[in-house]
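Read off the chains here:
There are 2 protein chains.
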Amino acid sequence: MNKKSLKSVKKAGGPRSNARDQLLEAASQLMNERDTIDISLSDIAERAKVNSALVKYYFQNKNGLMMSLLERDVSDGTEQLETLLHTDLPAVQKMEMHIVGLINTYYRCRYLNKLLFALLRDSTPDRTQEISDRFVKPAADAQRLILEEGIRNGEFRNVDPMLLYFTIIGACDQFFTAHFALKTVYNQDGIDDDLRKRFIAHTSSLLMSGIKAEPESV
Amino acid sequence: MNKKSLKSVKKAGGPRSNARDQLLEAASQLMNERDTIDISLSDIAERAKVNSALVKYYFQNKNGLMMSLLERDVSDGTEQLETLLHTDLPAVQKMEMHIVGLINTYYRCRYLNKLLFALLRDSTPDRTQEISDRFVKPAADAQRLILEEGIRNGEFRNVDPMLLYFTIIGACDQFFTAHFALKTVYNQDGIDDDLRKRFIAHTSSLLMSGIKAEPESV
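Quick note, the sequences are listed as chains A and B, same order.
Everything in the first sequence is counted per the working numbering, starting at 1 for the first residue and increasing by one.
Everything in the second sequence is counted per the working numbering, starting at 1 for the first residue and increasing by one.
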């Protein structure tokens, strides 16, 4: 696969790419910890224990760093989804695994949506299309193929793939995007591993009940 | 109801409050049209055909205008929801009407989430709590009461009200918040009335299937 070979090339850069990975990991940690994507490049370099000149070397600027971080965080999930697509599991199981994977990605990288929308802000139509093609379309396409497979073989209802895309993303990401409401409405401090598991069980069960063919119609 | 009397007071201000309403309506229109909440106060005054000094008079600053706009857009929906809560309709129907109302609010005011998150950005914990108490908690509480009523009388499954709050908001708002993907992934220009109706039917049916008690368990 093209993407995989691209990835191995990127990963084969030795010590240099280690500094690059460390910078991305430092940015990711700081964005999660501080609950904001507004982290200074010098804070990132300090956390990564890397000379701050290297930020410019690898990413040019803050925007370049944000694009690379999105790439890092989204591409693993998309590759897993594409692998899942080509297994011979039932479509129901593929869709469930997709939902679980999506929630786990948001759990690990709670800044993902902020990052995406910051990059989209004031971007030209061409740039918006490029960002969408790289970070949104692959997952949306894979999700549509799983849905269509399940509709064809009677596992799923006749759900609109476009509308379902927004339902699934929204149902999975709101818990992390709007987590301020956890504290202010439900007096719940943060999302720990136990709450992550409860959220996965809840979301996966609720969405799958809405997608799966009704028992009497199978 | 306290809120209602507060509202009548605000609405009874005569010509002055007309200018205030016109400014809010102009801000709302421009934010929808330009798909951004970054609208200058002078553009808002120009669209409202109101002297721009009045912006300062009614709202102090941009932040004040944004708070008042959120108040205007959210309070009608919350009042309707509270009225709905006290009718003797089945919980299933109340929940469906709540979902439809929520989607219609996002359809009318596509900037709602951007506005909310802009106000929350860099706000103190006290301020975050205040914003949440005014704009988030009332709807979350009403939704919980409808859910609990339906669980008690066997209409609903034993769904966690906190987790469901995020599911419903996310499933309803993502279509509007991430509508760039409509164009870039699905080649769909904007959300017209027909698409709004399809989205309502899809979302309401999918979510309700995930909440309603399973036929065999009734």
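Accuracy of the hints is not assured; some may be wrong.
The list treats identical chains as one, so a pair stands whether inside a single copy or across any two.
Taking lysine-lysine pairs in the BS3-like style, the calculated list, with each CA pair at most 25 angstroms apart, reads [unchecked claim]:
| # | residue 1 | residue 2 |
| --- | --- | --- |
| 1 | K212 | K56 |
| 2 | K49 | K183 |
| 3 | K183 | K137 |
| 4 | K137 | K212 |
| 5 | K49 | K197 |
| 6 | K56 | K137 |
| 7 | K183 | K56 |
| 8 | K183 | K114 |
| 9 | K212 | K62 |
| 10 | K212 | K183 |
| 11 | K183 | K197 |
| 12 | K212 | K197 |
| 13 | K114 | K137 |
| 14 | K137 | K49 |
| 15 | K197 | K56 |
| 16 | K212 | K49 |
| 17 | K212 | K114 |
| 18 | K62 | K197 |
| 19 | K114 | K197 |
The hints are simulated quantities; they were obtained by calculation from the structure and are not laboratory data.
| Under a CA distance limit of 25 angstroms, which applies to K212 and K183: within one copy, between copies, both, or neither? | neither (33 angstroms within a copy, 28 angstroms between copies)
| query | Given identical chains, is K137 near K212, meaning Cα to Cα at most 25 angstroms, within a copy, between copies, both, or neither? | reply | within (24 angstroms within a copy, 32 angstroms between copies)
| request: Could you figure out if K62 and K197 sit no more than 25 angstroms apart (CA to CA) within one copy, between two copies, both or neither? | output: neither (34 angstroms within a copy, 41 angstroms between copies)
| task | Please work out whether the CA atoms of K183 and K114 approach to 25 angstroms or closer within one copy, between two copies, in both situations, or in neither? | result | This pair counts as both: shortest intra-copy Cα distance 19 angstroms, inter-copy 20 angstroms.
| message | At most 25 angstroms between CA atoms: does that hold for K212 and K56 within a copy, between copies, both, or neither? | response | neither (49 angstroms within a copy, 54 angstroms between copies)
| Intra- versus inter-copy proximity for K49 and K137 (alpha-carbon distance at most 25 angstroms) | neither (35 angstroms within a copy, 42 angstroms between copies)
| message | At most 25 angstroms between CA atoms: does that hold for K212 and K197 within a copy, between copies, both, or neither? | response | both (22 angstroms within a copy, 22 angstroms between copies)
| message | My question is about K197 and K56: at a cut-off of 25 angstroms on alpha-carbon distance, are they close within one copy, between copies, both, or neither? | response | Classified as neither; 39 angstroms inside a copy, 48 angstroms across copies.
| query | With identical chains treated as interchangeable, where does the CA-CA distance between K49 and K197 reach 25 angstroms or less: within a copy, between copies, both, or neither? | reply | neither (33 angstroms within a copy, 53 angstroms between copies)
| query | For K183 vs K137, is the C-alpha pair at or below 25 angstroms within one copy, between two copies, both, or neither? | reply | For K183 and K137, the Cα distance is within 25 angstroms only across copies (11 angstroms; inside one copy 33 angstroms).
| field | Alpha-carbon proximity context of K212 and K49, limit 25 angstroms | value | neither (49 angstroms within a copy, 53 angstroms between copies)
| said: Within, between, both or neither: how does the pair K183, K56 come out at a Cα-Cα threshold of 25 angstroms? | reply: neither (37 angstroms within a copy, 33 angstroms between copies)
Violated hints, in rising order: 1, 2, 5, 6, 7, 9, 10, 14, 15, 16, 17, 18; the structure is consistent with all others.
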